[in-house]
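Student: What follows is the residue order along each chain.
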Amino acid sequence: MAQDEPIIRIRGLRNQFGAQVVHDNLDLDLYRGEVMGVVGGSGTGKSVLLRTIAGLRPPQGGSIEIFGKDALNCTDDARKEIDLRMGVMFQDGALFSSLTVRENVEVPMQAVPGLTPALRRDLADLKISLSGLPWFAGDKYPSELSGGMRKRAGLARALALDPEILFLDEPTAGLDPIGAAAFDVLIRQLSESLGLSVFLVTHDLDTLHAACTRIAVLAEKKVLTTGTMADMMDVDHPWVREYFHGPRSRAAIDASKRTA
Amino acid sequence: MTDFGFEVTQTSPDAPRALRLRGALTVQTLLRLESVLADHAGQGALTLDLSDVGHMDTAGAWSVVRWSERHGAQVTGLEARLQSLLDTVAAAMPRPDPPEPAPRGLREMLEGVGRGVVGAGRFLTELAAYLGVFLARLGRAARHPSEFRLTSLVHHCQDVGLRAVPIVALMGFLIGIVLAFQGSVQLRQFGAEVFVVELIAISILRELGILLTAIIVAGRTASAFTAAIGSMKMREEIDAMRTLGIDPAMVLFVPRILALLITLPILGLIANIAGFVGGAMMAWAELGISPWMFYVRLTEEISIDHAIVGFSKAPVFAVIIGVIGCHAGMRVESNTESLGRMTSAAVVSAIFAVIAADALFSVFFARVGI
Chain W
1 MAQDEPIIRI
11 RGLRNQFGAQ
21 VVHDNLDLDL
31 YRGEVMGVVG
41 GSGTGKSVLL
51 RTIAGLRPPQ
61 GGSIEIFGKD
71 ALNCTDDARK
81 EIDLRMGVMF
91 QDGALFSSLT
101 VRENVEVPMQ
111 AVPGLTPALR
121 RDLADLKISL
131 SGLPWFAGDK
141 YPSELSGGMR
151 KRAGLARALA
161 LDPEILFLDE
171 PTAGLDPIGA
181 AAFDVLIRQL
191 SESLGLSVFL
201 VTHDLDTLHA
211 ACTRIAVLAE
221 KKVLTTGTMA
231 DMMDVDHPWV
241 REYFHGPRSR
251 AAIDASKRTA
Chain H
1 MTDFGFEVTQ
11 TSPDAPRALR
21 LRGALTVQTL
31 LRLESVLADH
41 AGQGALTLDL
51 SDVGHMDTAG
61 AWSVVRWSER
71 HGAQVTGLEA
81 RLQSLLDTVA
91 AAMPRPDPPE
101 PAPRGLREML
111 EGVGRGVVGA
121 GRFLTELAAY
131 LGVFLARLGR
141 AARHPSEFRL
151 TSLVHHCQDV
161 GLRAVPIVAL
171 MGFLIGIVLA
181 FQGSVQLRQF
191 GAEVFVVELI
201 AISILRELGI
211 LLTAIIVAGR
221 TASAFTAAIG
231 SMKMREEIDA
241 MRTLGIDPAM
251 VLFVPRILAL
261 LITLPILGLI
271 ANIAGFVGGA
281 MMAWAELGIS
291 PWMFYVRLTE
301 EISIDHAIVG
311 FSKAPVFAVI
321 IGVIGCHAGM
331 RVESNTESLG
341 RMTSAAVVSA
351 IFAVIAADAL
361 FSVFFARVGI
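Going line by line, the protein sequences match chains W and H.
Once you know that position 86 of the first sequence is 86 in UniProt numbering, the rest is easy, because the numbers rise by one and skip nothing.
Once you know that position 343 of the second sequence is 343 in UniProt numbering, the rest is easy, because the numbers rise by one and skip nothing.
Heads up, some of the hints might be wrong.
To be verified - Using 20 Å as the maximum straight-line C-alpha spacing, the simulated EDC-like pairs for lysine to aspartate or glutamate come out as follows: (1) W/K221 / W/D29; (2) W/K140 / W/E106; (3) W/K222 / W/E103; (4) W/K80 / W/E65; (5) W/K222 / W/D236; (6) W/K140 / W/E103; (7) W/K140 / H/E337; (8) W/K140 / H/D39; (9) W/K140 / H/E286.
To be verified - Now the stretches of chain W that chain H is said to cover, found in silico as 3 or more residues with beta-carbon under 8 Å: (10) 116-126; (11) 190-199; (12) 228-240.
Please keep in mind that the hints were generated in silico from the structure rather than gathered at the bench.
Idealized CB from N, CA, C, for every residue including glycine.
Can you build the whole structure from these sequences, using the hints too?
Tutor: Okay, here's the thing in C-alpha cells:
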C-alpha cells in the first residue's frame, strides 16, 4: 500500500479573521488509515482547521490537496466529488431536527442514483447499528436523544456513504467517562475495520491515548509537532510539556497502562 | 469503482455451485448486486466466491451478509482487509426489536378518541390550576405588597397595552366603516337610514369592539408570553428561580396577567371609540348623517346596558389569554421545536377560547335579558 502518499496534504495554509491571524504557514499531512488527533489550546484554531479542510471556510492562502487533487482551486463538481468521499461529525451531531435519526442518515444517500427507498432505509439501519445505537433510536427525533446518542447519530450520518476520511469535532466533549471511553473504542474499531482515515479535534487526553495513532499539536499558528503519544512526552516546548505532563495527562497514561 | 460482474461456476457435477462476484461491491453497484443475488436465490446450495472482489464498502458487505444469512450460503475467498469489514458489518447487522402489538381498527380508533378526551380534560384541569395559582398569588400580593413587582407590571402594561393601541385603533376604525357601509346599503331599502347609528353602536359596544380587540391581543400577547416564559423554561432559568427561592408564578404570571386585566378594557374602549369615529364618517359620507346627529342619537337612543355587556367580558378574555399564554410557556421542553409548537398552540387555543367564551356570554345575556 502506498503508505507514504498522504490522503490530505496541507501546505502553507493561512487563515485569518480580520487582523487576527489564526494559521500562518501551516503544514499537515494525513495518511491513509490513521487516526490523527489534533490538540491545541483554546483559540488555536483547531475547529477552524477542520472547517477549512472540510471546505466550509475558504482560507486566505496556502494549498490543500485531498486524494491528490487540489481542493481549493477546483470546479464545484470536483469539490462535490471530494465531499462525497468525506464525512463530518459536528460537535453536537448537527442533526436535522425535523427528521428522525433514520431519515437523517438517509439524507446523504439521496445523492446516490437509483437507490430505492427500502434499500436506503435498510442501509440507514445498518449505519445506526454500526454507530452503536440501539434499534429503536432510528425512529426517534434528535430532541428525544441524549447527548451521547446524538453524537452517535451524527457519526451514523457521517458514515452514510462510506467516506474515506472522517472528520470528528470534539467527539467525546460532554460525554460521561463511560460513554466517552466507548466512543474512543468505536472510533478505533471503525477506523481499522472500515479502513477510515480519521481527523479528530479533541481536548480529551483519554481519547488521544485510546483512539489516536498520531497526534498533531497546534500552537504558534502552525502545527508545532506531530508524532505518537510517546513522541509527545519528549517534546521540549512549554505548552506541549504542560499539556502532556500535567496531572490529567498522567492520570490518562496510568489509565491506559492499566487497561493495556 | 463501478465495474461489477458475476459468473456461476461448478467444479464438478456433485460439488455445490459457486456464485463468483467480480469488481466493486459498493453503494454505487448495490442495485445490480442485489438483483444478481436475488436471481440466484433458492437454487439449492450455493457458495459465494468473493476472491475477485477488489473493493467493498459497508453497503456491499451488508447485502452479502443479508443474502448469505437468508439462504445459508457460505462466503469464501475474501482478502483479509475486506473480511474484517464483512465481519464488522455481520456483527452490526440491525436486529429489529420485536414490535409492540399495536391496537388495530375499531380499538385503535376508540383508543385515539379516549386519549384525546383525557388529554383535553387534563389541559382544562391544568388551565384551572394555573388560574388558581394566579388568583392565589394575586391575593398574596395584596397582603404582602413588598413581594409584588410593580416595575414588571408597568413594563408589561406598556408592552401589552400601549404598543397595541395603533393596531387596535385602526382595526376599530375599519370595522366602523364596514358596518356603516353595509348597514346603509341594507337600511336604505326601507328608508330607515338613520338606524345605522343603532346598528353600529349596538354591534360594536356589545360584541365586535371587545371581541376583535381580544382576538388581536390574543395573537399578539399570548404568543409573546409563551415565547418569553418558554425560552426561560428552556434555559432552565425557571428552575434556577425555584432554587433561589423566587416564585415563578409571582414574578412571571402575576404581572403579565394583571397587565392584561388592566389594559384589555382600555384597549376595548379605544376600539369602540375608533369604531364610532369610522362609522360616523362613513354615515356622513354615505347617508348625510352629520356627526352631531350621530352623537345625539348615540347618546339618546343607546342604553348604557350595551356598553356594560361589552366591558363585562373584557376581564374574562384578559384572564383567558394570559392564563393560556403562561401555561403554554411552562409546557415548553428543553428543545427549540417545542418552543415554536407551543407558541403557535397558545395563539390558536387563546383565540378559540376567547370566541367560545363570547358565545357563552351571548347565551347568558340572552337568558337574563340584558
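Student: Hint by hint, note whether the structure agrees.
Tutor: How the hints compare with the structure:
1. W/K221 / W/D29: Since the Cα atoms of W/K221 and W/D29 sit roughly 16 Å apart, the hinted pair holds (cutoff 20 Å).
2. W/K140 / W/E106: holds, 14 Å
3. W/K222 / W/E103: violated, 39 Å
4. W/K80 / W/E65: It holds: about 14 Å lies between the C-alpha atoms, which stays within 20 Å.
5. W/K222 / W/D236: Holds, because 16 Å separates the two Cα atoms, which is no more than 20 Å.
6. W/K140 / W/E103: holds, 10 Å
7. W/K140 / H/E337: This hinted pair holds, its Cα atoms lying about 14 Å apart.
8. W/K140 / H/D39: At roughly 35 Å apart (the allowed maximum being 20 Å), H/D39 and W/K140 break the hint.
9. W/K140 / H/E286: The given pair, whose Cα atoms are some 63 Å apart, is violated under the 20 Å limit.
10. 116-126: The restraint on the segment 116-126 of chain W holds, since 6 of its residues have a Cβ under 8 Å from chain H and three suffice.
11. 190-199: Coverage by chain H holds for the segment 190-199 of chain W (5 residues, Cβ < 8 Å).
12. 228-240: Since 0 is below three, the answer is violated.
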